[in-house]
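Trainee: Residue numbers (numbering that gives the first Met the number 0), protein chains in the order written: chain A, 0 to 179; chain B, 0 to 102; chain C, 0 to 500.
Bear in mind the hints are in silico, worked out from the structure with no lab data behind them. Don't take each hint at face value.
What the hints assert, rightly or not - If we take Cβ atoms under 7 Å as the criterion, some of the chain B residues that face chain C in the derived model are:
hint, residue
1, M0
2, L8
3, I30
4, L38
5, R53
6, E74
7, V77
8, G78
9, I85
Unchecked claim - The calculated lysine-lysine pairs, modelled on DSS-like cross-linking and capped at a C-alpha distance of 25 Å, are:
hint, chain 1, residue 1, chain 2, residue 2
10, C, K113, C, K159
11, C, K159, A, K174
12, C, K310, C, K443
13, C, K464, C, K443
14, C, K113, C, K464
15, C, K33, A, K174
16, A, K174, C, K113
17, C, K310, C, K113
18, C, K113, C, K33
Stated by the list, open to error - Computed footprint of chain B on chain A, listed as stretches where at least three residues anywhere in the stretch have a Cβ under 8 Å from a Cβ of chain B:
hint, segment
19, 10 to 18
20, 48 to 54
21, 66 to 76
22, 156 to 162
Glycine is no exception: its CB is placed at the ideal position from the N, C-alpha and C atoms.
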Amino acid sequence: MIEQIIFIVISLFTLMMGWIVVSNNNLFHAALALMASFLGVAGLYVMLDAGFLAMAQLLVYIGAISILIIFAIMLTRRMMQTEESPFNSQPGLAGITAVSVFAVIAFIFWQMREFWPLGAGEGAMPPADKSIILGSVAKLGEYFVSPDAFVLPFEVASVMLLAALIGSIWVAWPKTEDES
Amino acid sequence: MIPLSWYLLVAAALFSIGLYGVLARRNAVAILMGVELMLNAVNINLVAFWRYGRFPEQPVGLAWAVFVLTVAAAEAAVGLALIISIYRHRDSVVAEEMDTLKN
Amino acid sequence: MSPNITQSWVLALVPEIGLVILLAAVLLYDRLVKPEERRRVGLLTAWGAFAILVTTLGLWLATGEPNNATDIGTSLMWGGMIRFDLIALVFHVIFLVALMLTALLSLDVEHLQKGEYYALLITAAIGFSLMGASADLIMLYVALETASISSYILAGFATKDPRSSEAGMKYFIYGAFATGVMLYGMSLLYGLTGQTNLYILGSIFGGFQQIPTEVNAVVILSAVMIMVGFGFKISAVPFHFWTPDVYEGSPTPFTGYVSTASKAAGFAVFLRVFTTGVLGEPSDASMWWAMLIAITVITMTLGNFVAIFQKNFKRLLAYSSIAQAGYALIGLVTLSPDGSSATMYYLLMYIFTNIAAFGVITIVSNRIGSDELEDFSGLSRRSPYLALVMMFALLSLSGIPPTAGFFGKFFLFRSAVNAGLWWLALLGILNAFVALYYYLSAVKYMYLYRSENEDDPIPVSRGAKVGLAFSLFFIFYLGIFAGPIFEWTRTAADAFFVLAR
Numbered sequence: 000m001i002e003q004i005i006f007i008v009i010s011l012f013t014l015m016m017g018w019i020v021v022s023n024n025n026l027f028h029a030a031l032a033l034m035a036s037f038l039g040v041a042g043l044y045v046m047l048d049a050g051f052l053a054m055a056q057l058l059v060y061i062g063a064i065s066i067l068i069i070f071a072i073m074l075t076r077r078m079m080q081t082e083e084s085p086f087n088s089q090p091g092l093a094g095i096t097a098v099s100v101f102a103v104i105a106f107i108f109w110q111m112r113e114f115w116p117l118g119a120g121e122g123a124m125p126p127a128d129k130s131i132i133l134g135s136v137a138k139l140g141e142y143f144v145s146p147d148a149f150v151l152p153f154e155v156a157s158v159m160l161l162a163a164l165i166g167s168i169w170v171a172w173p174k175t176e177d178e179s
Numbered sequence: 000m001i002p003l004s005w006y007l008l009v010a011a012a013l014f015s016i017g018l019y020g021v022l023a024r025r026n027a028v029a030i031l032m033g034v035e036l037m038l039n040a041v042n043i044n045l046v047a048f049w050r051y052g053r054f055p056e057q058p059v060g061l062a063w064a065v066f067v068l069t070v071a072a073a074e075a076a077v078g079l080a081l082i083i084s085i086y087r088h089r090d091s092v093v094a095e096e097m098d099t100l101k102n
Numbered sequence: 000m001s002p003n004i005t006q007s008w009v010l011a012l013v014p015e016i017g018l019v020i021l022l023a024a025v026l027l028y029d030r031l032v033k034p035e036e037r038r039r040v041g042l043l044t045a046w047g048a049f050a051i052l053v054t055t056l057g058l059w060l061a062t063g064e065p066n067n068a069t070d071i072g073t074s075l076m077w078g079g080m081i082r083f084d085l086i087a088l089v090f091h092v093i094f095l096v097a098l099m100l101t102a103l104l105s106l107d108v109e110h111l112q113k114g115e116y117y118a119l120l121i122t123a124a125i126g127f128s129l130m131g132a133s134a135d136l137i138m139l140y141v142a143l144e145t146a147s148i149s150s151y152i153l154a155g156f157a158t159k160d161p162r163s164s165e166a167g168m169k170y171f172i173y174g175a176f177a178t179g180v181m182l183y184g185m186s187l188l189y190g191l192t193g194q195t196n197l198y199i200l201g202s203i204f205g206g207f208q209q210i211p212t213e214v215n216a217v218v219i220l221s222a223v224m225i226m227v228g229f230g231f232k233i234s235a236v237p238f239h240f241w242t243p244d245v246y247e248g249s250p251t252p253f254t255g256y257v258s259t260a261s262k263a264a265g266f267a268v269f270l271r272v273f274t275t276g277v278l279g280e281p282s283d284a285s286m287w288w289a290m291l292i293a294i295t296v297i298t299m300t301l302g303n304f305v306a307i308f309q310k311n312f313k314r315l316l317a318y319s320s321i322a323q324a325g326y327a328l329i330g331l332v333t334l335s336p337d338g339s340s341a342t343m344y345y346l347l348m349y350i351f352t353n354i355a356a357f358g359v360i361t362i363v364s365n366r367i368g369s370d371e372l373e374d375f376s377g378l379s380r381r382s383p384y385l386a387l388v389m390m391f392a393l394l395s396l397s398g399i400p401p402t403a404g405f406f407g408k409f410f411l412f413r414s415a416v417n418a419g420l421w422w423l424a425l426l427g428i429l430n431a432f433v434a435l436y437y438y439l440s441a442v443k444y445m446y447l448y449r450s451e452n453e454d455d456p457i458p459v460s461r462g463a464k465v466g467l468a469f470s471l472f473f474i475f476y477l478g479i480f481a482g483p484i485f486e487w488t489r490t491a492a493d494a495f496f497v498l499a500r
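Excised from the complex, chain A in its bound form (with noise of 0.2 Å):
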């Protein structure tokens, strides 16, 4: 019972910061709304026992990706404080279509509830036992560097980094007129 409290105030918590990123006038407070979004989805992981995840949630999420974003938001700093609306000309159109895809994919899914996951038969899975995923942190980096595994997908997300880094310097690199 406390749990379920603690999920549906994480959760409604979440939701309200995620609207305020997409609705509030001033940049600014969206990006730390957006901070605060990020944080209930730590929590929530925290509720599915995925502590390991969390942490990495904090430390890219809220300690990177935010934070790069008021960087973003202070060097382009004309546009943080503005009469203007800040929807574009199909706010109206944008909402209709958001909500029929919310109503769609939860529809879909209350249809499904008994029977996530495939095969598992009638009634909706209880989640497993937590000695059972005990070690599913040192199994997760075990699988990164497994050959059996995702050794290949983890060394191309290197390149894939090493591709962002170098365009993303490239492209914010101020040019003077000798080097363009």
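Add chains B and C to chain A, keeping to what the hints say.
Mentor: Leaving out everything else, chains B and C in the frame of chain A:
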């Protein structure tokens, strides 16, 4: 016990909020934030599916979520670099005003 | 989990390993080379891509691997992340050729002579190759993002040019959004089964006598969401909005690259995912299949009809490339080995054709500073060679024999007729006639119209000459000796349908 469908519904709601942000906002930074919310929703999905799935002893969903995290970081860096680059040219990052390329 | 890396596991990665080595070499060489000899970085990239291409094909001839065995167990490698089959080889050839030609044709553009530019071309190629080989949703996602992130920056690479920055931004926004939606769809497949391998997923769904309606709804939802991501990559309508703007604004050599290699990679994953039966068997009742056919028809038609009204050469080719994606989709929707091989053949010939076309635009617009159609007037007098290459590229795009495009379209339409979709083939033929109109009007500009600057010839550097000659040779080669190449892709295509037998 919290049923799996609760997590999925929260994720779906967060996804839709992000979707709305992407579709409705004018500012490129705001659109990027919407995309980040969508990716977070996917990650909630992945972790919940791992925890409630048939193979909780194989943290495939966790591994996938870590990849998504990595990609999101790279994507944010690139996106913001492009935003700064475009800001230099026109002092505005409003997606609607990017109309040099329309005939 | 005892690591037992066999020889064929390493063989499977030869192109990617080669590309990573080339990447390091390019970045290092860029620091060592004198500023006035910067062109050499591009030459190194082109030669490197050529060397990897020769090595890959040579190893295939020498070791016989990948063979055309359609056994899944032996062809899945690296923990099921990639599949080493002839399909992967065909796509490796496509991407390496694209990289080589793009590097050659970039040589003339002053502001692209940077180590970063060539490095990003190579990282994109690494992403494309792994997309072509991937057999796992996680691998597919990471490879796709590697390719996309490199492409976003390449589109905005000319930071001095506001149009390029804008192209990069637009490509990024649409791309990040589309891959986000796609990822959500993929997560649902994982949720249903707890598996990420395409072939395991396919056998799970194939094992059902009757998929429960509720489960089917989730599968369709995920199919639609995955289609958004893949449709974006191949610029199919209605996910094509980015195409004209990005094609027009990006540096022209990169436009050629994104319109061929990126599209081919999109088709590779499209074929990989949708032929394994992951998303259920296609039948007349299958919703995603009906949707795919609708997308095919609209993509072909809309691309061609909007292209008629374009005044800018790059935009014209952008809409033409949307239409071409529609043709290539015909082979995909037949969901037969014949159709898939026709699509692969089409993509292969499209590489030579479209990169040649964009190569000519690169050289001309580099000289005259414009890519409007009317500024190409009198090109045949200013540079007969360029005009000739452009004319044959356009004829190949419209499908006139004896160019490669003719057989490309012929195989596609034949597979549609064989699959009972004769009306789709008919629509394709009608569309080809519409397309002929605007391709020929572009030729008219080059050959019939006059301009004041006719006595001002357009010089072509040796690297670009070689690149264009190479393309032109294969436009004719694939147009005259289509048989063996098609047999090759046909043998490869059998590997798509291992689960169906």
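Trainee: Each of the hints needs a verdict: does it hold here or not?
Mentor: Hints versus structure:
no.	hint	in the structure
1	M0	violated, 18 Å
2	L8	violated, 13 Å
3	I30	holds, 6 Å
4	L38	holds, 6 Å
5	R53	holds, 4 Å
6	E74	holds, 6 Å
7	V77	holds, 5 Å
8	G78	holds, 5 Å
9	I85	holds, 4 Å
10	C/K113 / C/K159	holds, 14 Å
11	C/K159 / A/K174	holds, 8 Å
12	C/K310 / C/K443	holds, 13 Å
13	C/K464 / C/K443	holds, 23 Å
14	C/K113 / C/K464	holds, 21 Å
15	C/K33 / A/K174	holds, 20 Å
16	A/K174 / C/K113	holds, 13 Å
17	C/K310 / C/K113	violated, 31 Å
18	C/K113 / C/K33	holds, 12 Å
19	10 to 18	holds (count 5)
20	48 to 54	holds (count 4)
21	66 to 76	holds (count 7)
22	156 to 162	holds (count 4)
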